[in-house]
Amino acid sequence: MLLHDELRKFVTDSFMFGELYDGFSDGDSFLEQGIIDSTAVLELIAFLEERYAIKLQDRDLIPDNLDSVNGLARFVESRLQSH
Amino acid sequence: MCGIAGIFNLDGAPIDQESLWRMIGMLAHRGPDSAGVHVEDSVGLAHSRLSIIDLARGQQPMCNEDSSLWITFNGEIFNYVELRDELVQKGHRFATRSDTEVILHLYEEKGEDCVRYLNGQWAFAIWDNRHRRLFLSRDRLGVRPLFFTQTNKAFIFGSEIKAIFALPDVPREIDVNGLDEVFTYWCTIPPTTLFRNISELPPGHSMTVDAGGVTFRQYWDCQFESTPAVVEPGQEQAYADELLELLINATQIRLRSDVPVGAHLSGGLDSTVIATLAKRFTSTPLRTFSVTFDDAELDESSFQREVVHFLGTDHQELHCSKNQIGEVFPDVIWHTEKPVLRTAPAPMYLLSRLVRNSGYKVVVTGEGADEVLGGYDIFKETKIRRFWESQPDSALRPLLLRRLYPYLRNLQNLPDAYRKAFFHINVDSNLQPFFSHIPRWELTSKLKMFFSGATRAAITGDDGYSNIRSRLPTSYLSWDSFCQAQYLETKYLLPGYILSSQGDRMAMAHSVEGRFPFLDHRVVEFASRLSSRLKMKVLNEKYLLKRSAAGLVPPSVAKRHKQPYRAPEACSFLQPAARDYVEALLSPEQIARDGIFDARLVVKLLEKFCKGAAIGVKDNLALVGIISTQLLMHQFINHFESRASSLVAA
Chain H
159 MLLHDELRKF VTDSFMFGEL YDGFSDGDSF LEQGIIDSTA VLELIAFLEE
209 RYAIKLQDRD LIPDNLDSVN GLARFVESRL QSH
Chain X
269 MCGIAGIFNL DGAPIDQESL WRMIGMLAHR GPDSAGVHVE DSVGLAHSRL
319 SIIDLARGQQ PMCNEDSSLW ITFNGEIFNY VELRDELVQK GHRFATRSDT
369 EVILHLYEEK GEDCVRYLNG QWAFAIWDNR HRRLFLSRDR LGVRPLFFTQ
419 TNKAFIFGSE IKAIFALPDV PREIDVNGLD EVFTYWCTIP PTTLFRNISE
469 LPPGHSMTVD AGGVTFRQYW DCQFESTPAV VEPGQEQAYA DELLELLINA
519 TQIRLRSDVP VGAHLSGGLD STVIATLAKR FTSTPLRTFS VTFDDAELDE
569 SSFQREVVHF LGTDHQELHC SKNQIGEVFP DVIWHTEKPV LRTAPAPMYL
619 LSRLVRNSGY KVVVTGEGAD EVLGGYDIFK ETKIRRFWES QPDSALRPLL
669 LRRLYPYLRN LQNLPDAYRK AFFHINVDSN LQPFFSHIPR WELTSKLKMF
719 FSGATRAAIT GDDGYSNIRS RLPTSYLSWD SFCQAQYLET KYLLPGYILS
769 SQGDRMAMAH SVEGRFPFLD HRVVEFASRL SSRLKMKVLN EKYLLKRSAA
819 GLVPPSVAKR HKQPYRAPEA CSFLQPAARD YVEALLSPEQ IARDGIFDAR
869 LVVKLLEKFC KGAAIGVKDN LALVGIISTQ LLMHQFINHF ESRASSLVAA
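Residue numbers (the working numbering), protein chains in the order written: chain H, 159 to 241; chain X, 269 to 918.
Simulated from the structure, these hints should not be mistaken for laboratory data.
Some hints here could point you the wrong way.
[Unchecked claim] Simulated restraints, written as ranges between beta carbons of each label pair:
(1) Ala204(H) - Asn420(X): 52 to 62 Å
(2) Ser240(H) - Ile905(X): 52 to 62 Å
(3) Ile905(X) - Asp163(H): 35 to 45 Å
[Stated by the list, open to error] Here are some of the chain X residues that sit facing chain H, going by a computed Cβ distance under 10 Å:
(4) Arg621
(5) Leu711
(6) Leu869
(7) Val885
Beta carbons are placed, not taken as given, at the ideal position from N, Cα and C, and that holds for glycine.
Taking the hints into account, I'd like the entire structure generated from these sequences.
Structure (structure tokens):
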């Protein structure tokens with residue numbers, strides 16, 4: 159499965175329980191869409207660390223990295239490439 | 269403590285006694301000691317009795333000297349001794365020593381205003397034959413329940429909804445607006461209930477029913493001060509002493525009973541204070557009861573044992589496992605009669621069974637202190653958020669939230685936009701009256717994503733929290749955020765969840781009566797006049813109570829931070845005792861048949877739990893809420909007759 163697809167599936171399964179909002183796109187902000195809350199952030203971090211064997215540092219926890227499917231994909235790709 | 273029920277045929281038709289017996293049969297758990305009915309033309313009253321005061325002569329329904337008044341009463345009037353003396357001086361003659369008879373004579377003397385003189389916890393109905401009217405009332409804080417419905421022909425009431433449903437003519441349907449309220453506020457907002465056309469008399473209200481119709485009257489409300497008196501540090505002890513005096517008397521009169529009174533012990537400050545005061549007035553060793561858990565995060569047994577050692581009580585523990593919670597949850601929901609989002613009522617159900625099996629019918633507890641004297645985290649969170657809001661760009665102010673939520677280890681590094689969004693720092697001006705509760709209500713409302721399209725379409729709307737907004741007292745906006753938060757907790761969650769789903773219903777499921785000194789209206793009124801700073805000094809919760817209790821309770825208990833009472837959550841439903849019914853109730857076919865939730869989403873949620881991937885608060889609330897709603901559908905809509913007929917036959 160492509161990285162984008164995998165991340166989208168995780169977000170939709172875990173936080174939206176498979177229900178895609180009409181018009182939801184990979185660039186949409188999780189925060190603005192009300193998809194993510196304080197415990198969901200922890201779930202998201204745990205998934206990224208376990209699935210991609212990467213360790214997130216405090217400096218990584220910024221909206222650019224975590225707030226959309228595109229942002230997540232960019233972040234994961236860059237971390238995997240730097241390994 | 270008892271169960272009450274009744275029918276008033278508005279068309280004048282005679283009462284069918286069999287219907288009354290069927291209704292009161294549904295409430296046998298509330299009053300297993302005896303049952304009675306009184307029928308008078310078109311009015312019938314029924315009662316199931318838990319004998320506590322005047323064991324020999326307190327049977328109900330009870331009448332006055334000339335039988336012009338008849339009462340069916342659930343509860344206790346704790347100042348009945350003083351009221352009785354006053355009434356005797358005025359010439360009233362009593363046939364019993366019961367508090368029930370005091371209400372009748374007080375009604376003769378004061379009419380509908382009689383409730384203003386009562387100190388206690390009650391739900392009662394008086395048939396006033398002279399005026400051909402039924403007068404019903406419920407206590408100030410909503411300790412005891414009272415539900416009613418009206419058909420074309422009759423007004424019908426009962427302590428629990430299942431008594432009303434015992435009449436086959438009463439339709440049983442889910443009210444999606446009640447469901448919408450539970451999935452917002454954690455409770456229904458009276459008069460709404462989970463069932464269509466079934467109403468709840470709000471706390472602090474009375475009502476009359478006669479040929480002219482139904483009239484409601486609010487006789488009490490929790491009121492705070494717009495500009496509370498400034499208390500200098502040197503005056504604090506005087507306030508602490510006054511609070512202690514009130515609590516001593518509130519506890520003392522709550523020990524009035526012809527059967528022994530025990531106490532709950534959580535290991536926290538509130539129950540320890542009450543157990544300490546109760547011990548002063550108990551000649552035999554005080555019997556105490558507590559719940560313990562495997563999970564160290566939830567378990568308070570070390571504090572409980574310290575208090576037991578300190579007070580020298582005769583103590584019993586109920587060790588509660590996840591499997592037990594899963595096992596008893598269907599019965600818990602049979603008694604709550606509304607969905608719950610936490611499993612916390614289940615251990616209380618098991619605890620009351622232990623109390624009853626130990627030969628006790630009455631317990632005093634520390635319930636109400638957190639609402640009245642400022643103990644809950646939501647009050648602390650409100651203070652921090654207000655402090656943060658005044659300088660929204662501060663990097664340090666939000667870090668105070670880590671005191672409440674230790675798991676937010678990365679709070680300081682979370683993006684500012686995340687922090688502000690999660691804690692609702694930029695609350696719209698029209699939502700400012702609910703500043704304290706917006707984070708909870710917004711989070712809970714997200715659970716409605718599991719509602720089916722049909723459910724969403726049928727909800728007629730609670731835009732901008734209008735159900736609560738329309739009921740706010742006129743002075744509400746002049747109170748500070750802390751008092752507003754206290755009002756919302758005391759007015760809605762306390763009666764709608766804490767005292768009902770977690771309180772009366774769990775205790776009465778095993779015929780046990782709870783008594784709550786912190787909810788003596790004199791204590792509540794005293795506390796509501798206090799400055800918020802005296803209740804929570806900076807972030808030190810229940811500051812005044814701690815001063816009052818200094819020297820009374822073990823220092824470690826007085827100093828410890830408030831630990832919210834919590835039980836193992838949704839993991840309880842993955843245990844062997846729950847697996848079968850959870851699979852059946854949450855099967856896509858059953859979810860689709862019942863129509864309340866979206867089967868596709870519920871399947872995904874359950875999968876997430878089964879994979880061990882559900883760690884968030886929201887997922888836990890969702891699963892408990894969905895299972896409890898499905899249990900209500902199963903027990904009250906789809907299969908009510910089978911359970912009802914077995915109860916009535918018994």
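Here's how the hints hold up against the structure:
1. Look at Ala204(H) against Asn420(X): about 58 Å separates their beta carbons, and that is inside 52 to 62 Å.
2. Between Ser240(H) and Ile905(X) the CB atoms are about 58 Å apart, so this pair conforms to the stated range of 52 to 62 Å.
3. Remark: the range hint 35 to 45 Å for Ile905(X) to Asp163(H) is upheld by a beta-carbon distance near 41 Å.
4. Given the 10 Å rule on beta carbons, the hint for Arg621(X) is violated: about 33 Å separates it from the nearest Cβ of chain H.
5. Annotation: Leu711(X) was flagged as interfacial toward chain H, and the flag holds, the nearest CB pair being 6 Å apart, inside 10 Å.
6. At its closest, the beta carbon of Leu869(X) sits 4 Å from a beta carbon of chain H; the interface hint therefore holds under the 10 Å criterion.
7. At its closest, the beta carbon of Val885(X) sits 5 Å from a beta carbon of chain H; the interface hint therefore holds under the 10 Å criterion.
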